[in-house]
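**Student:** Could you build the full structure based on these sequences and the hints that come with them?
Numbering (UniProt numbering), first residue to last: 1 to 547.
Check before you lean on any hint, since a few could be wrong.
[To be verified] Derived DSS-like pairs: lysine-lysine, alpha-carbon spacing no greater than 30 angstroms straight-line: (1) K371 <-> K217; (2) K511 <-> K536; (3) K497 <-> K511; (4) K501 <-> K536; (5) K501 <-> K371; (6) K527 <-> K361; (7) K536 <-> K293; (8) K501 <-> K418; (9) K371 <-> K220; (10) K418 <-> K217; (11) K511 <-> K501; (12) K418 <-> K361; (13) K361 <-> K344; (14) K497 <-> K418; (15) K511 <-> K527; (16) K217 <-> K293.
Bear in mind the hints are in silico, worked out from the structure with no lab data behind them. Keep in mind that this is a model prediction, so the values were computed, not measured.
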Amino acid sequence: QALTGASPLILFCDDAHELLPEFREAPVRQLEFAPLTADILIAVLQASHSATGRIDEAATRAALPDEGALSQLDMVQLLLALRASTARDVAAQIAQMAQTAKDASSSATGGQSQRSGESAGAITDQIAARISGNSPAHETARRMVADLCAWQAGELDWADCSRSLLLYGAPGTGKTWLARSMGAAADVHFLQASFAEWQAAGPLNTMLGAMVESFDKAIKSAPCVVFIDEIDACGSRLDGSAHNRNYRTQVINGFLEQIDRLMRSEGALLIGACNFPETLDPAILRDGRFDLKCEMPLPDRATIHVLLSRGLGERLAPDELDALSTEATGKTPAELDAAIRAAKSDARHLGLSLDAALLRKHLRIDAVDPKILRRIALHEAGHTLMAQHLAPGSVRKITLTPTGGETQRAALPAALTKVDIEDELATLLAGRAAERLVLGDASNGAGGPQNSDLALATRLALDLETRLGLGGEGLTHTDASVPQLLTDQARRLRVHKHLQKAEARAMEFLKARQADLNALAEELVAKREVSGEEAKRICHCDESFVE
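**Tutor:** Laid out in structure tokens, this is it:
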């Protein structure tokens with residue numbers, strides 16, 4: 001009857017084979033809808049769960065299952081989930097549905113992913129495909145997943161597996177993504193919780209109950225990857241502040257108890273994430289709780305190139321992509337992902353061309369003042385020269401961004417002498433010294449947050465005096481917060497002298513190597529990223545220098 005009229009006719013079906021042969025064979029336009037993806041769902045939620053079109057996109061995406069699980073949702077499940085009051089709650093309900101489906105599938109196959117029929121090569125390829133990246137954190141993640149797969153196949157005792165990893169670093173560097181990728185690479189359950197989520201449950205007893213519930217679920221879900229975010233929110237029992245001390249102590253004790261429970265069970269990998277590991281209670285960091293600790297670095301230029309290529313396809317010419325990758329050095333994966341999505345949205349809705357200029361706008365890559373860029377480059381070059389002199393081969397990579405820089409170095413040895421500590425102080429203050437030497441003054445680049453040069457140097461000099469038995473207070477051990485320790489004027493003066501001496505030492509060294517300092521800074525300005533080996537060549541670090 002509809003065909004007899006002149007009105008447009010649209011037919012919907014789940015499968016093209018459901019159509020009558022006459023429709024399939026006729027010259028009728030056929031459109032296949034894409035399966036549900038995170039991007040599609042976010043667009044729906046922006047319309048359905050916000051009057052302004054704004055939702056907590058990062059939290060919503062983090063709560064969603066992978067896109068393979070999303071594509072399996074039927075319309076009834078989706079409509080049920082969309083009845084939740086917030087976008088994040090919708091995502092949580094969808095994740096629960098996906099987990100229930102996975103549990104049912106797992107039960108039908110005996111409770112664990114079947115690895116015995118897979119070759120070692122196939123598993124290795126799957127892990128490498130899911131966990132790309134060449135940092136120590138990525139390599140550690142691949143090894144842990146490989147061990148979990150070997151345990152599932154009965155080829156490795158659980159006692160021989162590394163089972164816990166602490167990821168730390170700046171927000172947006174991909175800690176959550178890496179943990180999720182570990183679960184996907186191993187094809188096991190992925191469970192996520194955070195201190196913010198537990199604390200939102202209510203007062204102390206309720207909060208501890210929510211924590212226990214998360215760990216109960218993890219133990220029952222093994223094999224699995226358990227990701228605990230924001231663990232620095234629990235604080236430290238050594239914090240000198242009396243405010244909420246009893247609450248903080250009970251929370252930390254409860255967390256330690258649950259970690260120990262999980263470590264006594266088999267099949268669960270524990271991944272923790274935080275921004276500042278130095279603020280954590282030492283008991284959380286000890287071996288047996290978090291055995292491995294890795295910093296999540298900012299992506300290098302090659303990784304940025306890959307991320308942009310994946311997100312943009314062939315929309316940019318190779319030379320444009322190369323230039324954009326260099327300019328975007330210092331951006332986090334989260335910033336890159338958000339910029340690509342925003343640029344695509346502008347291109348769709350405003351009819352703009354998806355080009356390098358549009359991406360620069362959303363990446364907030366503005367024209368940089370050459371003077372500021374050179375100052376930052378000199379600062380990082382100072383750190384690098386001093387580090388390569390005092391600890392040859394310790395510099396891994398130097399990165400320059402429009403707003404700052406980073407010199408990645410090997411971790412300090414566990415056993416430190418007073419000389420080692422003084423060397424580290426000189427390295428930390430060499431960036432500031434380089435600015436003063438070449439430009440005549442220092443900027444605020446050495447100060448600021450808890451992981452700044454001055455903050456780290458002050459803490460280290462304080463430790464030398466008060467905790468390590470190597471300073472003016474002899475064998476006395478004093479544990480308190482930095483502000484409390486610095487209220488003692490005599491101690492404050494001793495710490496200040498350590499820092500002054502370290503900066504003067506760095507200044508004297510750099511004065512004799514000023515040509516190398518300038519050469520490395522120029523290379524950094526040009527390339528924005530220099531490897532440790534390149535820096536070694538530019539600075540002639542194989543040549544001896546006597547202080």
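**Student:** None of the hints should be skipped; say for each whether it holds.
**Tutor:** Each hint, compared with the structure:
| no. | hint | result |
| --- | --- | --- |
| 1 | K371 <-> K217 | 55 angstroms, violated |
| 2 | K511 <-> K536 | 18 angstroms, holds |
| 3 | K497 <-> K511 | 21 angstroms, holds |
| 4 | K501 <-> K536 | 26 angstroms, holds |
| 5 | K501 <-> K371 | 28 angstroms, holds |
| 6 | K527 <-> K361 | 21 angstroms, holds |
| 7 | K536 <-> K293 | 27 angstroms, holds |
| 8 | K501 <-> K418 | 14 angstroms, holds |
| 9 | K371 <-> K220 | 58 angstroms, violated |
| 10 | K418 <-> K217 | 47 angstroms, violated |
| 11 | K511 <-> K501 | 15 angstroms, holds |
| 12 | K418 <-> K361 | 49 angstroms, violated |
| 13 | K361 <-> K344 | 12 angstroms, holds |
| 14 | K497 <-> K418 | 15 angstroms, holds |
| 15 | K511 <-> K527 | 24 angstroms, holds |
| 16 | K217 <-> K293 | 25 angstroms, holds |
In terms of the numbered hints stated before, the structure departs from hints 1, 9, 10, 12, listed from lowest to highest.
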